[in-house]
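**Q** What follows is each chain in one-letter form.
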Amino acid sequence: MSLPLLNYLSFSVVFILLGWALYLPYRCGQLYLALVYSMTAGAYFAAYGTTALHWPIALAIVGSPFVGAFFAFLPALGLRRAPGFTTAIASLALIFILVTIIRNLKFLGGSQGIFAIPPLDYPLITLAAVLFIAGTLVYRIDHSRLGRAAELLSYSPQEAECFGPNLAAVSMLMQVFSGALSGTAGALYAFTVGSVFPDAFGFSTLLVVFPIVFIGGNLTMWGTAVLAPILWGIPLVLPEAIVDWKDVVYGAILICVLIVMPEGVISKGLVRGAGTWARSFGLRALWAFRTRKEHASAK
Amino acid sequence: MLKVSGLSVSYGFICAVKEVAIDLYEGEFVTLIGANGAGKSTLLETILGVHRADRGKIFFLGQDITNRPTDRIVAQGLALCPEGRGILPFMTVLENLELGAFHRREYIREGLENVFELFPILQRRKRQAAGILSGGEQQMLSIARALMAAPKMLMLDEPSLGLAPLMVTEVFKVIRKLAERGHTILLAEQNAKKALQYASRGYVFETGRIALEGTAQDLLRDGEVIRLYLGGTAKD
Amino acid sequence: MEALIAQLVNGLAIGSLYALLVTGFNLLLLVSAVVPYAYTHIVVIGMYTAWFVLQLTGGSLVWAVPSAVVVTTVVSMLTEPLFRPLAKKGAINQTFVMSIGIAMILTHVMARHLHHGIPVAFPENVSGRMAAFQFGVIAVSRGQIFVFFGTVVAVAAFMFLLYHTMIGKSFRAIAQSPFVAKLIGIPTVKMGIMSYGIAGVLGGVSAVFVAMALGTAYPALGDALGLKVIATVLFAGLGNLNGGLACGLILGIAESLTTGYLPGMWSNALAFGMIMVTVMFRPQGLFGTRI
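Quick mapping for you: the protein sequence lines, in order, are chains A, B and C. Take 32 as the starting number for the first sequence in my numbering and just add one per residue. Take 3 as the starting number for the second sequence in my numbering and just add one per residue. Take 34 as the starting number for the third sequence in my numbering and just add one per residue.
Just chain A, same shape as in the assembly (with noise of 0.2 Å):
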């Protein structure tokens, strides 16, 4: 497998992540941001922990959801009963936070950051099992009494907790899967890109993990697992010249969507749509095998 081709897969994977664990706790109505804070952490760790400690890769793999987890855990007692815009803040602020943190810890590698990070050994069947586990996670949340117990929160949260759901914990718990996505998706990053270091953990990866979101549709997950392949591939076949402009064009996209379509393009409308039409079509198919049947032996 080329070399370019594997970063491609390795880098949607990543923003597929990521876009997850924005999706998650923006299901009950939060805007959490510290996506790159924890992806920072999982990075971090799966960048030392391979370097300087010399542990597996599939070690670092597994442990990263845990870091990232833990690093959302903590900001998220605080958080969990912010109003949703205080969230995104702070949740932002984390990721300075950190960055600042350790670009001033010398055994991190300070500015200059962590180098020689080993590749994947088997990147394509790591890549896919990763998918595979997180997405049957996010689905199994999302379609769970946790799942609906946060759809119901971001409509109104103080009416919601009426009939039962809690918001400290929905968006507690929401905000530690997060975490842990990010995690991983910051292990990921680190072993794709060979290095780490603190100026790539800023504000621009948040930027293309906005547009996936708000484009493929806040409302399910599938839209940005689709998404996030097409928005990240896009500019690697663009000339030159237009990459250029990438930053603008995403935000251009970003800011029509949210005007014109602001449920995304894959809205929860043409899932259950498209969910309807494959019932359909597997109805018609067996009715029309069965009476192809009967005919055969009606003769």
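Possibly wrong hints are sitting among the right ones.
Stated by the list, open to error - Subject to a maximum C-alpha distance of 30 Å in a straight line, what follows is the list of computed DSS-like cross-link-like pairs (lysine-lysine): (1) B/154 - C/223; (2) B/20 - C/122; (3) C/121 - B/59.
These aren't lab readings, by the way, just hints derived from the structure by calculation.
Could you slot chains B and C onto chain A? The hints should help.
**A** Showing chains B and C alone in chain A's frame:
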């Protein structure tokens, strides 16, 4: 002055106003009575351009004002005292009144004189925050604020809501005074008895439609109205 | 001791800058119900404009200042129609995201096309680094004095607008209750547009003062200031004008003190940390939200 025909307004799937037609002529005092949720507020707010009318037309002074922006409609001379008073609690009485004259700034001084003469209590409290006024005083403020726009037609939505009976009478006396001065008034009220005692004509609203219309006298004597809205016995 | 006073003086100047930026930010938050993260980016564009005009006219402040104000006002008003559909729905989170998108675009434009992304330096006479007064070791520069009193004047003018003009009163009315304001007959849409305009004017004025205080402008400045402003607003309480002023000053002083006593990088993190802690223990902000 005001002609509403075939008006239908809905919130999503719920049709709040169905095919309503009312007329108001200059100087008239007309009331809309009906239970809570019958659609009176929606009608008044739609006339003011706050809600979208799905069907029908609203004409004011011969001009089509259906679905026009609210501030244009107010500038043309229509004012509403909304349900719940519609005052700005964190601004002073004076500021509330001044804002009422947003479209008639030359008129502010004259308007204030007029309003303070009608409601001396407001003059006494003019520098206080509107939120600390009592219910009755807030209602006075709401009416005064509407008058600051020198409206050609004044609409009032449930002015008696939450007020003690004595205060209700006070408020209605003020409204009658305004009517006597020649203002055209459209009043939506749950308190049917009071409303019909002061108004000259009335429409009865029931789940979004007009069930009955006539002069106030006729409605007061009407059996159905008495049974449903006036407490039962004709002796009242 | 003298060093401390010097830091305090510096802190007051920087603090007053934050206070002015926060005021413009709060205006948009209150009247138009948007989170204008890109506000500081527009301010930086104003700074770049001033620089270009200074280059073109050979250092003429008379041309530079008004052009900065005009550009920021125009850009600010251009963003209004973008926010309108979201503000109508009351989707404040999404306005934040939208604002980030706009900020992205502006930063990109600055990084690639304005002076090739190289930081611009404002000439000495503008940045006013020269000392005006000297108390022993403490030097109070012309720039600091100008910035501080300039922002005081700007804020005072804004408060006058807010409390003694019809436009200002209708702003406050809309901020308190958009529905009632609409019912009274206040043209909420027009007033919204006007708030973008006035915020733009404040932004242009801020741009001039930031140029004086910092002496330089660079593409990342938009984000750097933006985060601080938004964090201060949160710390003070969303939409709390007076609180925002106070907290802007507090932040300025705190930053100045920590820069003096802690290595550079930490002062930034400290400011954010301060804000994070407040957000976790008092989410409505120090002085309470007003939106």
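**Q** Please list, smallest to largest, the hint numbers that this structure does not respect.
**A** Hints that this structure does not satisfy do not exist here, as all of them hold.
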